[in-house]
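S.K.: One letter stands for each residue in the lines below.
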Amino acid sequence: MISKYDTFFIDSSKNLTELSKKKYDLFISSFNDEAMVHDLFNSISSVKKIWCVLPDYTLKSKAEIKDSEYFELSDIDISSDSLESEYINEFIEKYRLIDYISQVICIDITGFVKPYIIYLVYALKEYGFKKIDIIYSEPKYWEKLDETIFSKEVIIKTRPINGFDIRVENGNNDLQIIAAGYDYKLIRAAASYNKLVKQKQVLIGFPSLQPSMYQENILNFQKSADELAIDYDNFNPIYAPANDPFEAAKVLKEFVDLYIEQHDDINAIYLSPLSTKPHALGMLLFFLYEGDFYKQKNIEIIMLYPFTKSYSSSAGKQLAKINLYTLEF
Amino acid sequence: MKNPFHNTKASYYNDPEILEFWVNPDLTEKSFFHTIMEPTESMPIMILGGKGSGKTHILRFFSFRSQILRVKENKTILDQIVDDGYIGIYIVSNGLQASRFSGSMLSQDEWNTLFFYYINLEFLERTCKKIFTILNDSGQKTIFDMSILNDNMLNHNLELTKLNIEDLYKFFKEKRKEIDFQLASLRLPGKKTKLEINPILYKIDSGFYEIIDALLTIIKPLKDVKVLFILDEYENFSEEQQKYFNTLLRQPSIAPKKIGFRISGRLWAAKTWNTYDDQEILQVDSEIKIVYLENIVKQKFKIFADKLYKKRLEHILGKDSSYINFNKSFEVSTNCNENVLQDIQKKHKEKKHFKKLKKLLNDDHLFADIIEKFNCNNNYFLEKMNTLLLYKQWNQNYLSKEALLIQNACLKSQKRYISQLDKYKTYVLYQLFKDYGRSISYSGYKNIIDLSANNPRIFLTILSNIYKECIYQNIDLFSQDILPCKIQDKAILEASKWFWNNFTEDIKDERVEWAVIKICELFRAIYRSDNPTEKDLVIFTFDESELSKNVKDLIRRAIDHSLLIDLGFRKDRNSHKKLTMLRLHPMLSPRWDLSVSGGGTISFKKNDMESLFLKNEKEWEGIEKSILERYMIKKRNIISPKRKRKLVSGSLFDNMDSKKYTQKKISEKFKMMIPAGQANPSPPVGPALGERGVNIMKFCKAFNEKTKDKMGFKIPVIITVYTDRSFTFEIKQTPVNDIILKAAERNKGTKVGSITKAKFSEISEEKIKDNEYDMNSTSFIGDKKAMDTNDKQV
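Protein chains in written order, with this note's numbering: chain A, 1 to 329; chain B, 1001 to 1794.
Certain hints may be false.
Unchecked claim - Heads up, simulated DSSO-like pairs for lysine-lysine below, C-alpha to C-alpha not over 30 Å straight-line:
no., chain 1, residue 1, chain 2, residue 2
1, B, K1490, A, K223
2, A, K198, B, K1468
3, B, K1129, B, K1223
4, B, K1009, A, K309
5, B, K1577, A, K157
6, B, K1223, A, K297
7, A, K195, B, K1606
8, A, K23, A, K195
9, B, K1508, B, K1535
Derived from the structure by calculation, the hints contain no laboratory data.
Quick caveat: nothing in here was measured; it's all calculated off a predicted structure.
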């Protein structure tokens, strides 16, 4: 049966030439040290382009930004429990993003830290945006292969991403789905957040962005197996292509529907987007498209994320492919 | 078959499993853990423990859900509760999502007030729900006249004279959910709103005390029952939130007998002892009792671990598992290191363990001489041991002689040799195995218990890994007589890596990890060094009073996350300062090739600790280098006779002089001339020794024995007295003048005697051989001149 997720289209190209034909009214990107993010920002055609300088990154090349429009919130505390909402709400207000509702906007999520992507897209949908283009550039490899650590330093706290701060009484069969990436410490932190949630499921990116990345992913993932109480005899993860948010949302929908059919006493489904950014987007889409449906069944969807002190701002190396996802609400 | 040790976390158990897998190290029905929880006691108790120390299992065992499951046949929940004397209300901090109560939308005061109110509602909701369940199950009435609640307690529209407990529960729940709803909307995009809350409690910060007291008074069957709030993961409450709990615990406004608190968390869970009562703090011991779980469990961990193991087997294999003597399979394989040693000796004819000695000696002839002496029936272990002992005598003049003494001590199993063997055997094994590309084994049940350091999760993780290895190797763990060392070691090494990943993940300061790694690396380098001095080094000391607060905090963090274990204090022998003693967690040992059990200690100075914990990489590099220099042997050069004279000292296995090497503090060193073989307590010997507290008779006896073959000469002796009044002495050569005079056979009363040229040459050659004189030394020439020697006469 064809689901609504099959109707979305991913436009992929191997270089910037194709993409530069697109015309946007507003282009938003997150400033980081990855060359492919800068190349895209410079070549894309948009009436207005804004860099978001996130407080999470420690940047090497901040001098370059001076010639461009950028948004920075200097006095924000990185450990604040309302970090992403304060940042994004200020951003939306400062640039009057509401004025762009009927215009063509595009967000390059390649350089963004996931909670900001989730809160920003969620916010735009709440404000009434009907269509948003999202770009994600795939790297050929990660900086240090299987030892690449995206989240630098230490985990400050695991908590619901803003907008999902909902207190839900524990149900015996509450479920947590973790999109498991390279950072096993993040997986461990997310898995141990609520000890009353006993059912854990893992979403793995397959096919991965590059063939070797699947192996690298699994090598890291196994370091968190005990925290997830994974018994390899009965290890049955769900898979979705690492670069496809729509497919990720689709497999989540199929899995959760089946799970609900088979279990009662479920009050919450926790989603932890810890793998690729397209997967994080997929989890958000799943919430945006299905949230109300599950709410009617008294099941809340909550996005959980382990926040760290800072993030690696240049983990991706060499452009492999540029993906353009058009979200329609 | 399922891995019986697979689950290492109580949070993955459902309620029946909490009881099913419960282990009581005592034989009595009341569990050992009752003495920790003391559920009916009024005094608040804080139960702190490292990761995996079993906190959640204990807390859930005392929770209401477990109480229900313990109801005996033909009995009601009420019977059980009355019998237990408490209703256990288990609350996990993250379940409350306490982090919602912060942010720039409200002031800190507003957040505090909201949080206090929310907790009150939460406590009331949960209590009412449990009471309703108890009464309903027992067929008791659930409707009461609760007019008393109107008395400055509740702002409501309830019919108090006929109030159903279930309705009261729903009322509190509804009010609590109103807050949840409003809080959720605060951070929604574009929906910034102000909170609109009309509190229903007159005392929003402590109203629950009075209401619960009133309920338990009105509901007669529960009049003697206590409501026990069990808070888990206390560390997840913010400092402000903990201040609130401290205030509650410090001043229970009413009925402390009816409400109890058990608060649990990691070792660092308590962020503050401050309260909201002006400057007052919660007093540990008098207002709250603190229990450190590992310290309590330590008393019975071996029994506890045995039972834990058996319980897991029972679950998989059924009751018949009692026939399995699980210890046996581990114990048989404790000879692993010996087996590896034999294997090395069998397979490797080339003695790699002598390679370095050869290089350091820099003298093929001497090397051949020494290894011939060290050849103890081809026992590589003893050969390596002897090499290490030789390194300890490296500055001696005659290494060949030292080697002979070591060989002699070894062959005769001298007491001192045995004690050295005991002290250095770990290093010897470690270095020997390393020479042949092998590793020390950590296998054996006792080692697994020691590695676990009173932590059940570590114990189960090691067993789980062993089980997995057995599956990979197609070995049945439960029918195996011998569990191969390789399997145990591989599993233990994996567990060691797991320990590091798991226990460092929420330290929140990378400097702590860095410091611990550097300590491990330093100790490993010492294990690999030529001349290790402390036995099984895993412990270090330092003067905490000298350290900055920042460094103290970082050290505390390493302890709180179980990377370091606090062993208390030790007095420094010289300065009498109180030194803090810490050891590395035993689970770090397999990863860094260190010993499991602790022995000697190394002392760090202020600067060492500051560089380590503040991650001053360059400075630490220098410190590490200078520490390691103490443990390294330098390549031996041909030493000039003059230099040799300075190096002369006693041998390790020369019984007379053995005490020289105990590194005691010297009190005084002085020289005397005493007639050989004739020392006695009379002056000048007696008073000279007596005033320094030396045992005169002991000295005289030893001196006379050592000089009996030089009777007739006055012998120069250097006596060293130590602070503990023990002594050593060094016999110097008889002065040349005396020898010549004696050889000249002077007639009594005359100043003239004669000596042959041949005799004179003999004396001088003898002196040169004994290194007393250099041929060209001015002193010898001086002696000759002074004696006015010629061919015939002196």
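S.K.: Are the hints correct? Go through all of them and say.
M.R.: Structure-based check of each hint:
| no. | hint | verdict |
| --- | --- | --- |
| 1 | B:K1490 x A:K223 | 16 Å, holds |
| 2 | A:K198 x B:K1468 | 23 Å, holds |
| 3 | B:K1129 x B:K1223 | 17 Å, holds |
| 4 | B:K1009 x A:K309 | 28 Å, holds |
| 5 | B:K1577 x A:K157 | 40 Å, violated |
| 6 | B:K1223 x A:K297 | 40 Å, violated |
| 7 | A:K195 x B:K1606 | 41 Å, violated |
| 8 | A:K23 x A:K195 | 48 Å, violated |
| 9 | B:K1508 x B:K1535 | 33 Å, violated |
Checked against the numbered hints given earlier, this structure breaks hints 5, 6, 7, 8 and 9; the rest are met.
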